[in-house]
Amino acid sequence: MNVEERPKIAIDAREMLDWATGIGKYVHNLLDRLPELDPTIDYYFLRNGRPIDNFKTRTPNAQFVVSPEYADDQWEQGFVPSFLQSHEIDLFHSPRSGFVAFWPPGRPYVVTLHDLIPLLFPEKYSSEWIQRIRDRVPDYLARAEKIITVSYSVKKDVQSLIPVEEDKFQVIHQGIEAHYGPVAEEVARPRLRERFKLEGNYIFYIGGFSFRKNVTGLVKAYSILPEHLRQGYRLVIGGYRTDDFDEVVRCVEELGLQERVLFTGRCSEVDIPCLYSGAALFVYPSLYEGFGLPPLEAMACRTPVITSDRGSLPEIAGKGALMVNPCDHRQLSEAMARVLTDEGLRRALIEKGLAVVSQFSWDRNARETLEVYRAVLGKLRT
Numbered sequence: 001m002n003v004e005e006r007p008k009i010a011i012d013a014r015e016m017l018d019w020a021t022g023i024g025k026y027v028h029n030l031l032d033r034l035p036e037l038d039p040t041i042d043y044y045f046l047r048n049g050r051p052i053d054n055f056k057t058r059t060p061n062a063q064f065v066v067s068p069e070y071a072d073d074q075w076e077q078g079f080v081p082s083f084l085q086s087h088e089i090d091l092f093h094s095p096r097s098g099f100v101a102f103w104p105p106g107r108p109y110v111v112t113l114h115d116l117i118p119l120l121f122p123e124k125y126s127s128e129w130i131q132r133i134r135d136r137v138p139d140y141l142a143r144a145e146k147i148i149t150v151s152y153s154v155k156k157d158v159q160s161l162i163p164v165e166e167d168k169f170q171v172i173h174q175g176i177e178a179h180y181g182p183v184a185e186e187v188a189r190p191r192l193r194e195r196f197k198l199e200g201n202y203i204f205y206i207g208g209f210s211f212r213k214n215v216t217g218l219v220k221a222y223s224i225l226p227e228h229l230r231q232g233y234r235l236v237i238g239g240y241r242t243d244d245f246d247e248v249v250r251c252v253e254e255l256g257l258q259e260r261v262l263f264t265g266r267c268s269e270v271d272i273p274c275l276y277s278g279a280a281l282f283v284y285p286s287l288y289e290g291f292g293l294p295p296l297e298a299m300a301c302r303t304p305v306i307t308s309d310r311g312s313l314p315e316i317a318g319k320g321a322l323m324v325n326p327c328d329h330r331q332l333s334e335a336m337a338r339v340l341t342d343e344g345l346r347r348a349l350i351e352k353g354l355a356v357v358s359q360f361s362w363d364r365n366a367r368e369t370l371e372v373y374r375a376v377l378g379k380l381r382t
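Note that the working numbering numbers the sequence shown so that position 185 is 185, with each residue one more than the last.
For the record, the hints were derived by calculation from the structure and aren't laboratory data. Every clue listed holds true.
Derived CB-CB ranges, DEER-like: (1) Q331 x D167: 37 to 43 Å; (2) G24 x Q231: 34 to 40 Å; (3) Q231 x S127: 43 to 49 Å; (4) V65 x R132: 24 to 30 Å; (5) P122 x P226: 35 to 41 Å; (6) Q331 x R381: 52 to 58 Å; (7) L255 x G200: 16 to 22 Å; (8) E165 x R6: 28 to 34 Å; (9) L380 x Y152: 25 to 31 Å.
Distance condition first, Cα-Cα at most 20 Å in a straight line; then the derived EDC-like pairs of lysine to aspartate or glutamate: (10) K156 x E166; (11) K155 x D167; (12) K379 x E5; (13) K319 x D342; (14) K8 x E88; (15) K379 x E368; (16) K155 x E371; (17) K197 x D271.
Where is the CB? At the ideal position from N, CA and C, for every residue including glycine.
Could you build the full structure based on these sequences and the hints that come with them?
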């Protein structure tokens, strides 16, 4: 790389339209901040056939590059290497746990690993997909200049499954959007009534319906709450219908809870803070998270949180949440009853949650990511 030239960094921006996922939020917040942090770097945000009309770069050192639409593996093995080479890109960043094809892009690259879920739950994935990961990921990571993990838990998972040098890793936590904060009752309640026909007290969950989210476990725990608590608090389950949603619905029907469980469907970024703020309790009984944003979002809205003692959640939620074994429905149910009936515990969880949330920032995430870029670019110059 010519020392006199401005560094050029390209970033895979395919996920940034998907606000329903943690990776989508990660990519959006990263791209929103990086160009302003260092105007001496030229950024190219790469899209696969889908332009972005509602996101404008604020600085002249960033531009979107929209390719013709390809299948993911064709885009990764064809368009990306060609673009990086023809534009003499100095560094490429894949912020979405690697390529679908796990194919080195032909130029120096950094990868963000959000998790290695298929290797941790191989029984839930096809043998062909698992073998593809096992065949390609070790070499893909070995060739990376740096591996960013979103938690120490993910770093530990990677090291237990794949031999990677310690000095390749950099742990950079995610952050919380500014609009996650307490919404006044006189604002939240009318919106919840209008959008979801939701009245009264409720327990809330949002975060997806894949097997590892353990939503059926939450429904079963709710079903064994004391009768007066079930009658006093509905269970509200947010999010659009994907993955194992039908299994959750069957569980609700088998337990005869149709009148006590409300499915909201897709929620907007305005709806979600209202749902958090209006809830008496947020429960997130995931079997595994690489990071886990929803508990932090709930804490930021001054809602007490119960979450799992698995994966990254103890690291991220810390003392701001009540931790339970997500596979023990009785323990989860008893924890829910405690928070709903013990005002002192509720207040303590709210105050501790706010202290935990203050440690996570998208600005900090972007600054630390930029430090990784600078370190790699400096190394490439020598």
